[in-house]
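Asks: So you can see what is in the structure, the chains are spelled out below.
6 protein chains.
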Amino acid sequence: MTEKVAVYRREYFNAAHRLNNPALSEEENKRLFGKCNRPNYHGHNYELVVRVAGVVDTVTGYVIDTKILSDLIHEKILNRFDHSNLNLDVPEFKDLNPTVENIAIVIYRILRPLINQSLDLKITLHETDKNFAEFPA
Amino acid sequence: MTEKVAVYRREYFNAAHRLNNPALSEEENKRLFGKCNRPNYHGHNYELVVRVAGVVDTVTGYVIDTKILSDLIHEKILNRFDHSNLNLDVPEFKDLNPTVENIAIVIYRILRPLINQSLDLKITLHETDKNFAEFPA
Amino acid sequence: MTEKVAVYRREYFNAAHRLNNPALSEEENKRLFGKCNRPNYHGHNYELVVRVAGVVDTVTGYVIDTKILSDLIHEKILNRFDHSNLNLDVPEFKDLNPTVENIAIVIYRILRPLINQSLDLKITLHETDKNFAEFPA
Amino acid sequence: MTEKVAVYRREYFNAAHRLNNPALSEEENKRLFGKCNRPNYHGHNYELVVRVAGVVDTVTGYVIDTKILSDLIHEKILNRFDHSNLNLDVPEFKDLNPTVENIAIVIYRILRPLINQSLDLKITLHETDKNFAEFPA
Amino acid sequence: MTEKVAVYRREYFNAAHRLNNPALSEEENKRLFGKCNRPNYHGHNYELVVRVAGVVDTVTGYVIDTKILSDLIHEKILNRFDHSNLNLDVPEFKDLNPTVENIAIVIYRILRPLINQSLDLKITLHETDKNFAEFPA
Amino acid sequence: MTEKVAVYRREYFNAAHRLNNPALSEEENKRLFGKCNRPNYHGHNYELVVRVAGVVDTVTGYVIDTKILSDLIHEKILNRFDHSNLNLDVPEFKDLNPTVENIAIVIYRILRPLINQSLDLKITLHETDKNFAEFPA
Numbered sequence: 001m002t003e004k005v006a007v008y009r010r011e012y013f014n015a016a017h018r019l020n021n022p023a024l025s026e027e028e029n030k031r032l033f034g035k036c037n038r039p040n041y042h043g044h045n046y047e048l049v050v051r052v053a054g055v056v057d058t059v060t061g062y063v064i065d066t067k068i069l070s071d072l073i074h075e076k077i078l079n080r081f082d083h084s085n086l087n088l089d090v091p092e093f094k095d096l097n098p099t100v101e102n103i104a105i106v107i108y109r110i111l112r113p114l115i116n117q118s119l120d121l122k123i124t125l126h127e128t129d130k131n132f133a134e135f136p137a
Numbered sequence: 001m002t003e004k005v006a007v008y009r010r011e012y013f014n015a016a017h018r019l020n021n022p023a024l025s026e027e028e029n030k031r032l033f034g035k036c037n038r039p040n041y042h043g044h045n046y047e048l049v050v051r052v053a054g055v056v057d058t059v060t061g062y063v064i065d066t067k068i069l070s071d072l073i074h075e076k077i078l079n080r081f082d083h084s085n086l087n088l089d090v091p092e093f094k095d096l097n098p099t100v101e102n103i104a105i106v107i108y109r110i111l112r113p114l115i116n117q118s119l120d121l122k123i124t125l126h127e128t129d130k131n132f133a134e135f136p137a
Numbered sequence: 001m002t003e004k005v006a007v008y009r010r011e012y013f014n015a016a017h018r019l020n021n022p023a024l025s026e027e028e029n030k031r032l033f034g035k036c037n038r039p040n041y042h043g044h045n046y047e048l049v050v051r052v053a054g055v056v057d058t059v060t061g062y063v064i065d066t067k068i069l070s071d072l073i074h075e076k077i078l079n080r081f082d083h084s085n086l087n088l089d090v091p092e093f094k095d096l097n098p099t100v101e102n103i104a105i106v107i108y109r110i111l112r113p114l115i116n117q118s119l120d121l122k123i124t125l126h127e128t129d130k131n132f133a134e135f136p137a
Numbered sequence: 001m002t003e004k005v006a007v008y009r010r011e012y013f014n015a016a017h018r019l020n021n022p023a024l025s026e027e028e029n030k031r032l033f034g035k036c037n038r039p040n041y042h043g044h045n046y047e048l049v050v051r052v053a054g055v056v057d058t059v060t061g062y063v064i065d066t067k068i069l070s071d072l073i074h075e076k077i078l079n080r081f082d083h084s085n086l087n088l089d090v091p092e093f094k095d096l097n098p099t100v101e102n103i104a105i106v107i108y109r110i111l112r113p114l115i116n117q118s119l120d121l122k123i124t125l126h127e128t129d130k131n132f133a134e135f136p137a
Numbered sequence: 001m002t003e004k005v006a007v008y009r010r011e012y013f014n015a016a017h018r019l020n021n022p023a024l025s026e027e028e029n030k031r032l033f034g035k036c037n038r039p040n041y042h043g044h045n046y047e048l049v050v051r052v053a054g055v056v057d058t059v060t061g062y063v064i065d066t067k068i069l070s071d072l073i074h075e076k077i078l079n080r081f082d083h084s085n086l087n088l089d090v091p092e093f094k095d096l097n098p099t100v101e102n103i104a105i106v107i108y109r110i111l112r113p114l115i116n117q118s119l120d121l122k123i124t125l126h127e128t129d130k131n132f133a134e135f136p137a
Numbered sequence: 001m002t003e004k005v006a007v008y009r010r011e012y013f014n015a016a017h018r019l020n021n022p023a024l025s026e027e028e029n030k031r032l033f034g035k036c037n038r039p040n041y042h043g044h045n046y047e048l049v050v051r052v053a054g055v056v057d058t059v060t061g062y063v064i065d066t067k068i069l070s071d072l073i074h075e076k077i078l079n080r081f082d083h084s085n086l087n088l089d090v091p092e093f094k095d096l097n098p099t100v101e102n103i104a105i106v107i108y109r110i111l112r113p114l115i116n117q118s119l120d121l122k123i124t125l126h127e128t129d130k131n132f133a134e135f136p137a
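Protein chains in written order, with our numbering: chain A, 1 to 137; chain B, 1 to 137; chain C, 1 to 137; chain D, 1 to 137; chain E, 1 to 137; chain F, 1 to 137.
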């Protein structure tokens, strides 16, 4: 069996954020981001889906042990993002607007070096039931 | 038909909060509320379900027009709670810890006077998939 | 064990309807029911939850066999309501506006005589994710 | 960052329809489409997911502002499809059978010219929890 | 505030079971329980919702700390039921048919003595999307 | 219209299983699979999504009649997997560890010869809300 299989692991974190580009004026931020720019932050229950694709190991029947994948997500992402303020508490967003697109890219860049390069990685991040993003597309 | 029917309306709002009782010390707050007490807030996609029970109007077939109920929820709750920081932006929580129980009670108290007294009112508020509250129980 | 337990069975049906009270003028119907009154009908995926409460049978461990309950719902409700136009195809709504409240009441009245009188019956009917009704309340 | 990110926006509409090919006989339609062909229509809560993929704008952090995307979907799709009878009220289905496949294709064709050609577009349309379609595949 | 509020905690466990009353003959069990009686077991993702109602503590804003409630559910229920065979591994079902009704009752009886008697307790247990039970009703 | 459309059909089955590679020692199995290796099995509500992509038939408006697809899934998969013990009752898993990856591959191999070769086939299988797999990736 050399065709690829994908496994997915879903995890959750709760965080505050606001959309704001520190390089722009207050007015410009308000115009671009509307109520998402409000100064005292709002928040979301983020739903994170990590997809790993590769060949199934014939001994275990796994592409990757989802217990190990879950531990990795907890250690590297949830421990830092859960119950945080993304703008204030997570250094990656100090100069980067925490849109759902950018958060998905940041999560990808954290996890990519930690997962065997023979395996494909894709991140889907749900900000609300209505808005979500996927990287790489 | 004089038996009661209940109608439900579900709405959503996204808000930041932290659990904190301003009357307690910092240490006591940390001990009681753990990561929910973190200083820079976190946030949730709150799911609000408003239940109104009463006799069906024989002309309309409605207990209450859910369009009117939805407008009321938007005007009185969502306009004030959505994309807000509950601790900082919503005066009701200035001295009241915004636990899911207390938020449900506050919403009930705002809506109760605005809905005909012949109708029963109950609030269910989901903070996450795992935690939710109902008032009155 | 003489305390009551409730069992629930969820089923689905898809139907067209429009909100319209034949006893009112066209204008009055339009004013009361807005886009739900449009002449050519619209439709929903209705989600029906039937709750039966009673004492558990000590031989089977059942309040009621949900397979038998499901068969009853299919025979008496889904066979008549599914893939139908409620206003045109279901005689109960010939002179009764098919609001979610009234549909729940009609379903209750059909099922009540068919379920042992020692068992309590309650109907919950979801018209959309946002609107649902329960009878008796 | 020149790799593509996808953003998704989910919206809902409620509509009546029947499966029917006007070019075929009544019997042939009945044979092909079964209960979906019933003359008085049935209906669904359609769940529409619009996927737009492209490079993230470095100023906004957006692929596309989902508020603008949502407004476009409301103006061009929901205003015409929601609370409608697809067969009778939406001209695109006058001679086209409103299967979930065809509705997805029609929505794609309406939106494609209105979204920047540098962005990829994909439509997923859920007719029920069990049946859905995606275009392009 | 002396009116009661209810808080809910949702947890999950995965278990094998078969419906079988050891006091009945094989044929009688087959007749009563159909495919749920198959000898080699089948299984479910059980979704457990624990509802606790009482007066809100004015210091914490809690009816009960859902973290403490969750720890209790893990220690007393999930540690014993999760990834188990209910018939073989959980002594409570040695002579009791593990219907969704009976599992809900067993969970209630385990938790009731461990929760302050001033608080009301109710268990809802989902066996599938279609079948669930509640105790006490 | 020669571009491809995908249709999806979702079905459910409930089964017991344990993760175990008969070629390995008991200790090695325990080390690799942890609580999923427990000897008396556990179980899941499996959610199966079958995706078929191809050109839309201009007469029917279908890629494939999802009624026919559903009947095929019932006959070839659900009749054999539902209310079964995958390890004991389904011969394909006699010497193959029933991980979610392997079950998805087995389902693919059963269905692939039965679906027109001009149509693409993909299987997604959800074992829990948190773990799922897709084949081919």
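One thing to keep in mind: the hints can contain errors.
Identical copies look the same in the list; a pair holds intra-copy or inter-copy alike.
[What the hints assert, rightly or not] When the alpha-carbon atoms are kept at most 25 angstroms apart in a straight line, the in silico DMTMM-like pairs for lysine to aspartate or glutamate are as follows:
1. Lys-35 - Asp-120
2. Lys-30 - Asp-57
3. Lys-35 - Glu-3
4. Lys-4 - Glu-26
5. Lys-76 - Glu-26
6. Lys-76 - Glu-27
7. Lys-94 - Glu-75
8. Lys-4 - Asp-57
9. Lys-35 - Glu-47
10. Lys-130 - Asp-65
11. Lys-122 - Glu-27
12. Lys-130 - Glu-47
13. Lys-35 - Glu-75
14. Lys-94 - Asp-120
15. Lys-130 - Glu-11
16. Lys-76 - Asp-65
Derived by calculation from the structure, the hints in this document are not laboratory data.
Asks: Could you run down the list of hints and mark each one as holding or not?
Replies: Structure-based check of all given hints:
no., hint, verdict
1, Lys-35 - Asp-120, "neither (36 angstroms within a copy, 27 angstroms between copies)"
2, Lys-30 - Asp-57, "between (51 angstroms within a copy, 17 angstroms between copies)"
3, Lys-35 - Glu-3, "neither (46 angstroms within a copy, 28 angstroms between copies)"
4, Lys-4 - Glu-26, "neither (48 angstroms within a copy, 29 angstroms between copies)"
5, Lys-76 - Glu-26, "neither (33 angstroms within a copy, 28 angstroms between copies)"
6, Lys-76 - Glu-27, "neither (35 angstroms within a copy, 27 angstroms between copies)"
7, Lys-94 - Glu-75, "within (21 angstroms within a copy, 34 angstroms between copies)"
8, Lys-4 - Asp-57, "within (11 angstroms within a copy, 30 angstroms between copies)"
9, Lys-35 - Glu-47, "both (22 angstroms within a copy, 19 angstroms between copies)"
10, Lys-130 - Asp-65, "between (30 angstroms within a copy, 13 angstroms between copies)"
11, Lys-122 - Glu-27, "neither (35 angstroms within a copy, 34 angstroms between copies)"
12, Lys-130 - Glu-47, "both (12 angstroms within a copy, 11 angstroms between copies)"
13, Lys-35 - Glu-75, "between (32 angstroms within a copy, 16 angstroms between copies)"
14, Lys-94 - Asp-120, "neither (28 angstroms within a copy, 30 angstroms between copies)"
15, Lys-130 - Glu-11, "both (18 angstroms within a copy, 7 angstroms between copies)"
16, Lys-76 - Asp-65, "within (17 angstroms within a copy, 27 angstroms between copies)"
Taken one by one, the earlier hints fail for this structure at numbers 1, 3, 4, 5, 6, 11 and 14, listed in ascending order.
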